[in-house]
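Student: Residue numbers (the numbering used here), protein chains in the order written: chain A, 158 to 461; chain B, 319 to 572.
Because the hints were derived from the structure by calculation, they are not lab data. Even glycine gets a Cβ: it sits at the ideal position worked out from N, Cα and C. Treat the hints with caution; some may be incorrect.
[Said to hold, decoys possible] Subject to a maximum C-alpha distance of 25 angstroms in a straight line, what follows is the list of computed SDA-like cross-link-like pairs (lysine to any residue):
| # | chain 1 | residue 1 | chain 2 | residue 2 |
| --- | --- | --- | --- | --- |
| 1 | A | K379 | B | E370 |
| 2 | A | K212 | A | G165 |
| 3 | A | K460 | B | K428 |
| 4 | B | K372 | A | Q383 |
| 5 | B | K395 | A | I163 |
| 6 | A | K379 | B | I477 |
| 7 | A | K297 | A | D257 |
| 8 | B | K413 | A | Q259 |
| 9 | B | K372 | A | K301 |
| 10 | B | K395 | A | F162 |
| 11 | A | K301 | A | S244 |
| 12 | B | K369 | B | Q383 |
| 13 | B | K530 | B | Q504 |
| 14 | A | K460 | A | F162 |
| 15 | B | K372 | B | D516 |
| 16 | A | K379 | B | G399 |
| 17 | A | K212 | A | F162 |
| 18 | B | K395 | A | G165 |
| 19 | B | K540 | B | D516 |
| 20 | B | K413 | A | S169 |
| 21 | B | K413 | A | R366 |
| 22 | B | K413 | A | K301 |
| 23 | A | K460 | B | R392 |
| 24 | B | K428 | A | S378 |
| 25 | A | K460 | B | D406 |
| 26 | A | K460 | B | I477 |
[To be verified] Just a sample of chain B residues kept apart from chain A, beta carbon distances all over 10 angstroms, derived:
| # | residue |
| --- | --- |
| 27 | N345 |
| 28 | N414 |
| 29 | T436 |
| 30 | M453 |
| 31 | D500 |
| 32 | L542 |
[Unchecked claim] Pairwise CB distance ranges (calculated):
| # | chain 1 | residue 1 | chain 2 | residue 2 | range |
| --- | --- | --- | --- | --- | --- |
| 33 | B | N345 | A | I179 | 53 to 63 angstroms |
| 34 | A | V434 | B | G382 | 54 to 64 angstroms |
| 35 | B | K413 | A | G415 | 49 to 59 angstroms |
| 36 | B | I388 | A | Y458 | 36 to 46 angstroms |
| 37 | A | G168 | B | I388 | 29 to 39 angstroms |
| 38 | A | I179 | B | N324 | 38 to 48 angstroms |
| 39 | A | L453 | B | K413 | 23 to 33 angstroms |
| 40 | A | G334 | B | K413 | 54 to 64 angstroms |
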Amino acid sequence: MRLLFILGEIGSGLRRNLSMVISVVLVTFVSLTFVGAAGMLQMQINQMKGYWYDKVQVAVFLCNDGSTAVGCASGPATEEQQANLQSMLESPAVKQYINDFQFESQAEAYTHFKEQFSNSPIVDSVSEDQLPASFRINMKNPEKYQIISETFSSQPGVETVSDQRQVLERIFSWMNGASVAAMGVAAVMIFCAVLLITTTIRLSAFSRRRETGIMRLVGASKTVIQLPFILEGVIAAVVGAVLASVTLWLMAHFWLNGDLSTQFLNTPFISSTQVLVIAPVLIALGAGLAGISSLLTLRRYLKV
Amino acid sequence: MIRFENVTKVYEQNARPALDSVSLEINRGEFTFLVGASGSGKSTFLRLILKEDKASSGSVYVAGQNVANISSWRVPKLRRGIGVVFQDFRLLPQKNVFANVAFAMQVIGKSRSIIRETVPEVLKTVGLEGKERRMPHELSGGEQQRVAIARAVVNRPGILLADEPTGNLDPITSMGIMGVLDKINQNGTTVVMATHDDDIVNEMRRRVVELKNGKVIRDEAKALYTSMIPVVGESRRLRDASGEELNRAQGAQL
Numbered sequence: 158m159r160l161l162f163i164l165g166e167i168g169s170g171l172r173r174n175l176s177m178v179i180s181v182v183l184v185t186f187v188s189l190t191f192v193g194a195a196g197m198l199q200m201q202i203n204q205m206k207g208y209w210y211d212k213v214q215v216a217v218f219l220c221n222d223g224s225t226a227v228g229c230a231s232g233p234a235t236e237e238q239q240a241n242l243q244s245m246l247e248s249p250a251v252k253q254y255i256n257d258f259q260f261e262s263q264a265e266a267y268t269h270f271k272e273q274f275s276n277s278p279i280v281d282s283v284s285e286d287q288l289p290a291s292f293r294i295n296m297k298n299p300e301k302y303q304i305i306s307e308t309f310s311s312q313p314g315v316e317t318v319s320d321q322r323q324v325l326e327r328i329f330s331w332m333n334g335a336s337v338a339a340m341g342v343a344a345v346m347i348f349c350a351v352l353l354i355t356t357t358i359r360l361s362a363f364s365r366r367r368e369t370g371i372m373r374l375v376g377a378s379k380t381v382i383q384l385p386f387i388l389e390g391v392i393a394a395v396v397g398a399v400l401a402s403v404t405l406w407l408m409a410h411f412w413l414n415g416d417l418s419t420q421f422l423n424t425p426f427i428s429s430t431q432v433l434v435i436a437p438v439l440i441a442l443g444a445g446l447a448g449i450s451s452l453l454t455l456r457r458y459l460k461v
Numbered sequence: 319m320i321r322f323e324n325v326t327k328v329y330e331q332n333a334r335p336a337l338d339s340v341s342l343e344i345n346r347g348e349f350t351f352l353v354g355a356s357g358s359g360k361s362t363f364l365r366l367i368l369k370e371d372k373a374s375s376g377s378v379y380v381a382g383q384n385v386a387n388i389s390s391w392r393v394p395k396l397r398r399g400i401g402v403v404f405q406d407f408r409l410l411p412q413k414n415v416f417a418n419v420a421f422a423m424q425v426i427g428k429s430r431s432i433i434r435e436t437v438p439e440v441l442k443t444v445g446l447e448g449k450e451r452r453m454p455h456e457l458s459g460g461e462q463q464r465v466a467i468a469r470a471v472v473n474r475p476g477i478l479l480a481d482e483p484t485g486n487l488d489p490i491t492s493m494g495i496m497g498v499l500d501k502i503n504q505n506g507t508t509v510v511m512a513t514h515d516d517d518i519v520n521e522m523r524r525r526v527v528e529l530k531n532g533k534v535i536r537d538e539a540k541a542l543y544t545s546m547i548p549v550v551g552e553s554r555r556l557r558d559a560s561g562e563e564l565n566r567a568q569g570a571q572l
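Given these sequences and hints, build the entire structure.
Tutor: What follows is the structure, encoded as structure tokens:
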């Protein structure tokens with residue numbers, strides 16, 4: 158009986174305050190979407206780190222015809238220089254840091270280049286001997302890049318030593334920045350949502366002051382009087398959180414796993430099922446925020 | 319049933335207390351009128367019984383319990399034992415007569431079957447049989463007050479507090495309401511009624527407690543609205559009115 162009564166009260170409260178309730182739903186929806194997007198970006202970064210860090214290599218580029226580096230003053234790398242580098246890589250001093258290495262000749266480099274830029278007209282203007290040959294080194298621990306760099310960059314016939322990880326770090330730091338920005342927007346929006354919930358509950362309490370006044374006089378308990386108001390706010394916020402979760406899932410499903418994954422074949426995107434992990438967090442966050450802010454509002458504006 | 323021991327209530331520091339060391343006992347089943355000018359402390363008296371306000375000093379006992387010792391989560395239980403009726407009825411305009419009375423039972427968790435059984439009974443007691451489906455705006459003032467009384471007593475409280483229940487009603491309707499309150503009192507409910515209505519008090523001849531500036535200045539059984547000790551040379555109205563009102567009245571005459 159009391160449960161039915163409370164449900165009825167909630168229904169009438171939501172109906173009477175419909176426009177305010179809709180605005181609460183929308184504001185929580187937008188704010189939690191940003192929270193979720195920040196979460197998704199972090200997940201994406203972790204996913205890419207896990208995937209790429211296994212694959213990144215340190216490349217020791219050899220001099221070719223067009224090299225301008227100091228070490229290349231004597232022209233393209235000779236076979237002797239190349240053999241020397243190879244024996245250095247096999248020496249125990251270096252070997253302890255690396256898993257394995259391959260030699261990529263100019264011809265192989267050209268093939269890879271053509272694959273990578275298959276859609277771009279740049280392929281036609283590049284010839285095989287413009288690309289450098291290189292040793293591709295898989296590190297045991299990518300953090301030890303500095304040692305390889307110091308050992309090889311001063312060797313004759315070496316143009317440059319480059320760490321692919323550094324390129325990735327730049328991408329990740331950019332993605333990190335984006336997720337921090339999303340969190341910032343989310344914080345502002347959550348603040349708006351809390352204020353809006355507070356106002357809505359205040360209005361709701363005001364428009365039903367007759368009922369609550371009578372409830373107090375006939376001895377209704379604090380729970381029966383306050384619960385409908387709190388649940389009103391919580392329901393609105395949870396609806397917003399569900400909308401946010403659905404939006405994020407759609408984004409992951411149709412955008413990341415649809416459009417983007419066909420464009421960037423070798424980038425691992427988070428799957429839409431992974432996004433479902435975020436949904437309960439968003440719903441709990443929405444419900445918690447709404448519950449706490451309505452409770453605090455009622456304490457001030459609804460005498461029991 | 320209700321006992322005040324040296325109760326003082328001060329709303330604002332430095333201001334005159336709303337109640338000034340009032341000691342009073344109202345017994346179970348008694349019908350008591352609380353009379354006095356506006357601001358004499360009648361409403362404060364009622365609010366202290368309901369624990370809507372806390373006494374600044376002294377103790378208020380309701381049904382043997384010191385209300386100061388009732389924790390906030392048990393206040394609802396105290397209020398379930400007290401029915402309240404106001405001058406302005408305080409009905410819910412969008413609910414019909416039945417729903418208005420049933421509301422008081424719903425919010426304390428009474429079952430639907432008990433509600434269906436009890437509400438018509440109570441409506442019969444207050445003389446509103448057959449008007450269950452009417453909306454408050456379709457009723458006369460007297461009928462609305464009867465609905466309010468039905469709501470106040472539907473949970474069978476031991477005490478009924480009435481704050482000027484006839485203040486908005488004409489004399490004949492008022493007497494009808496008094497009949498209802500009397501009937502409720504006959505059934506064993508203690509009734510405390512704050513009023514300005516001298517006709518009613520004189521007609522009913524019950525205990526009268528008169529307050530003035532927060533003090534009990536008269537407590538008589540089977541009494542009249544005014545003291546039976548005559549005051550020479552002054553009308554009651556003039557005696558009761560404050561100096562300011564007198565000045566205004568005299569100013570108007572000039």
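Student: Please go over all the hints and tell whether each is borne out by the structure.
Tutor: Do the hints match the structure? See the list:
no.	hint	verdict
1	A:K379 <-> B:E370	14 angstroms, holds
2	A:K212 <-> A:G165	60 angstroms, violated
3	A:K460 <-> B:K428	23 angstroms, holds
4	B:K372 <-> A:Q383	23 angstroms, holds
5	B:K395 <-> A:I163	19 angstroms, holds
6	A:K379 <-> B:I477	22 angstroms, holds
7	A:K297 <-> A:D257	9 angstroms, holds
8	B:K413 <-> A:Q259	85 angstroms, violated
9	B:K372 <-> A:K301	74 angstroms, violated
10	B:K395 <-> A:F162	19 angstroms, holds
11	A:K301 <-> A:S244	20 angstroms, holds
12	B:K369 <-> B:Q383	12 angstroms, holds
13	B:K530 <-> B:Q504	29 angstroms, violated
14	A:K460 <-> A:F162	20 angstroms, holds
15	B:K372 <-> B:D516	30 angstroms, violated
16	A:K379 <-> B:G399	16 angstroms, holds
17	A:K212 <-> A:F162	62 angstroms, violated
18	B:K395 <-> A:G165	23 angstroms, holds
19	B:K540 <-> B:D516	14 angstroms, holds
20	B:K413 <-> A:S169	12 angstroms, holds
21	B:K413 <-> A:R366	15 angstroms, holds
22	B:K413 <-> A:K301	78 angstroms, violated
23	A:K460 <-> B:R392	15 angstroms, holds
24	B:K428 <-> A:S378	13 angstroms, holds
25	A:K460 <-> B:D406	20 angstroms, holds
26	A:K460 <-> B:I477	23 angstroms, holds
27	N345	23 angstroms, holds
28	N414	15 angstroms, holds
29	T436	13 angstroms, holds
30	M453	15 angstroms, holds
31	D500	22 angstroms, holds
32	L542	31 angstroms, holds
33	B:N345 <-> A:I179: 53 to 63 angstroms	57 angstroms, holds
34	A:V434 <-> B:G382: 54 to 64 angstroms	59 angstroms, holds
35	B:K413 <-> A:G415: 49 to 59 angstroms	54 angstroms, holds
36	B:I388 <-> A:Y458: 36 to 46 angstroms	24 angstroms, violated
37	A:G168 <-> B:I388: 29 to 39 angstroms	33 angstroms, holds
38	A:I179 <-> B:N324: 38 to 48 angstroms	56 angstroms, violated
39	A:L453 <-> B:K413: 23 to 33 angstroms	30 angstroms, holds
40	A:G334 <-> B:K413: 54 to 64 angstroms	57 angstroms, holds
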